[in-house]
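Engineer: Note that the protein sequences, when read in sequence, are chains A and B. Reading the first sequence from the start, the letters are residues 7 to 499 in our numbering. Reading the second sequence from the start, the letters are residues 7 to 499 in our numbering.
Derived from the structure by calculation, the hints contain no laboratory data. Take the hints with a grain of salt, since some may be wrong.
The list treats identical chains as one, so a pair stands whether inside a single copy or across any two.
[To be verified] Result set (BS3-like, lysine-lysine): computed pairs, CA atoms no more than 27 Å apart in a straight line:
#1 Lys256 with Lys213
#2 Lys113 with Lys280
#3 Lys280 with Lys48
#4 Lys72 with Lys311
#5 Lys256 with Lys458
#6 Lys347 with Lys311
#7 Lys132 with Lys221
#8 Lys194 with Lys458
#9 Lys400 with Lys135
#10 Lys190 with Lys280
#11 Lys48 with Lys311
All values derive from a computational prediction rather than experimental measurement.
Protein chains: 2
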Amino acid sequence: MSNYDQLTAHYQTISHFNHAQSMLGWDAAANMPAGGNDARSKAMAELSVHVHRLSTQPQLGEWFDKAQQELLSTEQQSSLREMKRQWQQATIVPEDLVQAQSIAGSKCEHAWRSQRPANDWEGFEKNWKEVVKLSREEAKIRSEALGSTPYDAMLDKFEPGTTTASLDTLFSDVKTWLPELIEKALDKQNSQSIIMPSGTFSTANQKALGVETMKLLKFDFDHGRLDQSVHPFCGGVPSDVRITTRYDEKDFVQALMGIVHETGHARYEQGLPKAFAGLPVGEARSMGVHESQSLFFEMQIGRSKPFISHLSQLSANAFNAHQDPVFAEENLYKIYTQVEKGFIRVDADELTYPAHVIMRYEIERDLINGVIEHTDVPALWDEKMKASLGLSTKGNYQNGCMQDIHWTDGAFGYFPSYTLGAMYAAQYKATMQQTVDIDGAIKSGDLSPIFKWLSDNIWSQASLHTTDDLIKRATGETLNAAHFRKHLETRYL
Amino acid sequence: MSNYDQLTAHYQTISHFNHAQSMLGWDAAANMPAGGNDARSKAMAELSVHVHRLSTQPQLGEWFDKAQQELLSTEQQSSLREMKRQWQQATIVPEDLVQAQSIAGSKCEHAWRSQRPANDWEGFEKNWKEVVKLSREEAKIRSEALGSTPYDAMLDKFEPGTTTASLDTLFSDVKTWLPELIEKALDKQNSQSIIMPSGTFSTANQKALGVETMKLLKFDFDHGRLDQSVHPFCGGVPSDVRITTRYDEKDFVQALMGIVHETGHARYEQGLPKAFAGLPVGEARSMGVHESQSLFFEMQIGRSKPFISHLSQLSANAFNAHQDPVFAEENLYKIYTQVEKGFIRVDADELTYPAHVIMRYEIERDLINGVIEHTDVPALWDEKMKASLGLSTKGNYQNGCMQDIHWTDGAFGYFPSYTLGAMYAAQYKATMQQTVDIDGAIKSGDLSPIFKWLSDNIWSQASLHTTDDLIKRATGETLNAAHFRKHLETRYL
Ligand SMILES: [Zn+2]
Ligand SMILES: [Zn+2]
């Protein structure tokens, strides 16, 4: 067996344990009764340890060295590159640091669950200090290995190839036009009247509506399911993708669009190439590219007028309320494109969302690079919220810098993915519409030309190319914020 | 760390992978879309290989030898005995034989799924021949290691300590009185009129009824769930027991009693001692003892008059049919104690069931011991069915020797467990009623005195004692078929 084949077999073995891990995680969120938590956590921890052991097995280094001398096809070279990338990610940080981070992160996150509602910054700060310190150690080790700045090394975990330099350029561009665009959109919407949903929307009816919507989006129910969990997510494995949502019986709007979003994640997974199943090269390219699929579904398809026309029909059917003006196309469109300045990122609309991300990026970048200290964060948060959305968070930690889970366990470098995803999605649309009648396809109810473009250009490409190459091959250029701006201006002005 | 402690840690590690395996198996039956099967099978096979590797790790032999010299408490000695037993079970059969059996068994079972409906004995025989041959090889190897007959060695897998000698005694006793008892019961029932359920019983209502019944039986929903699958079973792990059932919208009777049965299995699992969680000594004693719990719930509680009075109430509520005579106590009792001679074991009633088991026992015993050949089975089946239930299966293989899945993949030695379980259950009842007002407890709707007895005597004892000791400690004697006879006579005469 060649060293390349040996590596391939090894990573497929790892994927089988990851399959178990992924399904146990989904089950814990979607099915497991509370009393099952203790044994489940132990089982999942054991699987993690085992996967880590397999991922850092001593002979891998030699196999990689030798495989690089073997005659490989272009695809095999990509496969080798991605296996090696995962191996480096697994081995780069010493195990005692990983363990210390896991303990500090769990402690901080656990306490945060009660500290946030209590607005207890002082309590939080005591735990978070350690998380930040350990993340900086991690960033230092990674940056030395990669020859990059500490924050770039953290970005590399989620968005390989993306750098502070490129993000600074992209985001500073956005900052030049976003605030004014938000103001104009708000002005325009001031004169609008919206009828908000009220009354009871049963979980059963909402679920049926979700399933109909997923069918319109060609979710493959032979390779996946829709279930419920407190925090919606897309889990499972490519051949069996488990998406979840949360229903609010007082309002169907959020859950419905949440399902559209998760369906975007799911179709990416379902569309990954079978030929590379179980191998790193067969996985989704990055967090940002993943989000580009969910946001293409949510923002480019889901909130478009022709799609909302379908949602109007489907939801009026589901709730048997054809005369109710809530479900009128125009009204639903207003609901789904309403702009509002708010404190909370996860509640933010499409237009204000980037502002939330960019300020987090600026703060975590400087925090990891040692330019600021963790105790500076609340004041910076207040300052940046005032500058971008005109809201003060002074003393309001729970709706300020304590609102997200990401930083509690050290996921620094993740936030940019959200806005990168929205930008990629707008750029795909700009290219796609040169060859595909997007609105026409949505109107007709047969969206396959859209999905064919996504499949050809993104899904089937998995991790065969770097992100930059992937985007260039798909759209003829690397990421260009102009498309995002144009999309937002078209929709909101 | 002592060798005993090392072994304990090792078996706990194994239990974490078994946790994953168990949950993936449940998910495959209860949730997984068909398209997920391929990746799931690979993941489960990988976990099996890994568990087998851990279970046969070379240093275990030395640890066991040394641990036996260490100062251990009585409970630790039991724990060591059960770890060693699992180790021996895992190592006794050479891996190439295990693999050959797995391949032959899968092939035979897969083909059987279409051969059975086609009544294709000739096709089946060709595959089954190999399964029997390999099972005989396994039995030979096991018997040499244990110093027993080949069939006793197979029994030992499912019912450690149970021998052909004891089963011959028990079953030949049953054969002296069962046929006449069946005839008398049939005579008595001839004059009865039963109103059978008809109409639609929605899955949702049946599930709600099942949940109410499980609550009456004190199933702990904080440590388990009820779901649906084609073949009902009890899966999961002790802290999170997953039971399943199958609903027929034309009839609620079977699913309801099926839930009672699985709840018995579930409460045994839920009641296993936390102190030994993850260790072999903390597991259920044997298949027969497991079945003694499900059958205690189904036969001793579930089909008793006071319990059926509850079911009458609960089902009339669930289907909102208080006037319907189907749900009248008397009528439900008749339904649940109806005796009928039939071809199919899984459809058999409490009274004819042992006849089905005993003839399978006699055939598989002689087959494994080399007294008969696999080609003799159809004729023997016909002969024994005629003798015990007066039914001929000549040429009717699909409702004869091809009806069960057990033999298709070589699970010889399993069948006796069903009737052992029924006998144990009757014996518990005989002892329990000396100190517990069983009918009174059921009538009152608070069954805890019954569950306390089961918990004290069976659940909390897990595998601390041998089966014989467990039964003796619980009832003052080893298994005695007289209690079973008495129970049946009381109910059916
Ligand atoms: Zn997303
Ligand atoms: Zn059972």
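Engineer: Hint by hint, note whether the structure agrees.
Structural biologist: Against the structure, the hints:
Proximity of Lys256 and Lys213 under a CA criterion of 27 Å is satisfied in both settings, with 14 Å inside one chain copy and 26 Å between copies. For a Cα distance limit of 27 Å, the shortest separation of Lys113 from Lys280 across copies, 26 Å, qualifies, whereas the shortest one inside one copy, 39 Å, does not. Within a single copy, Lys280 and Lys48 get their C-alpha atoms only as close as 32 Å, which misses the 27 Å cut-off; across copies the closest is 14 Å, which meets it. Proximity of Lys72 to Lys311 under the C-alpha cut-off of 27 Å is found in neither arrangement, the shortest distances being 55 Å within a copy and 75 Å between copies.
Taking the closest pair of Cα atoms, Lys256 and Lys458 never come within 27 Å of each other, the shortest separation being 36 Å inside a single copy and 44 Å across copies. For a Cα distance limit of 27 Å, the shortest separation of Lys347 from Lys311 inside one copy, 23 Å, qualifies, whereas the shortest one across copies, 66 Å, does not. Taking the shortest alpha-carbon separations for Lys132 and Lys221, neither the intra-copy value of 48 Å nor the inter-copy value of 45 Å comes in at or below 27 Å. Taking the shortest alpha-carbon separations for Lys194 and Lys458, neither the intra-copy value of 36 Å nor the inter-copy value of 70 Å comes in at or below 27 Å.
Proximity of Lys400 and Lys135 under a CA criterion of 27 Å is satisfied intra-copy only: 20 Å inside one chain copy versus 80 Å between copies. In this assembly of identical chains, Lys190 and Lys280 lie within 27 Å of each other by CA distance neither inside one copy nor across copies; the values are 47 Å within and 63 Å between. Taking CA atoms no more than 27 Å apart as the test, Lys48 paired with Lys311 passes in neither setting, with 48 Å inside one copy and 44 Å between copies.
Checked against the numbered hints listed earlier, the structure breaks hints 4, 5, 7, 8, 10 and 11; every other hint is satisfied.
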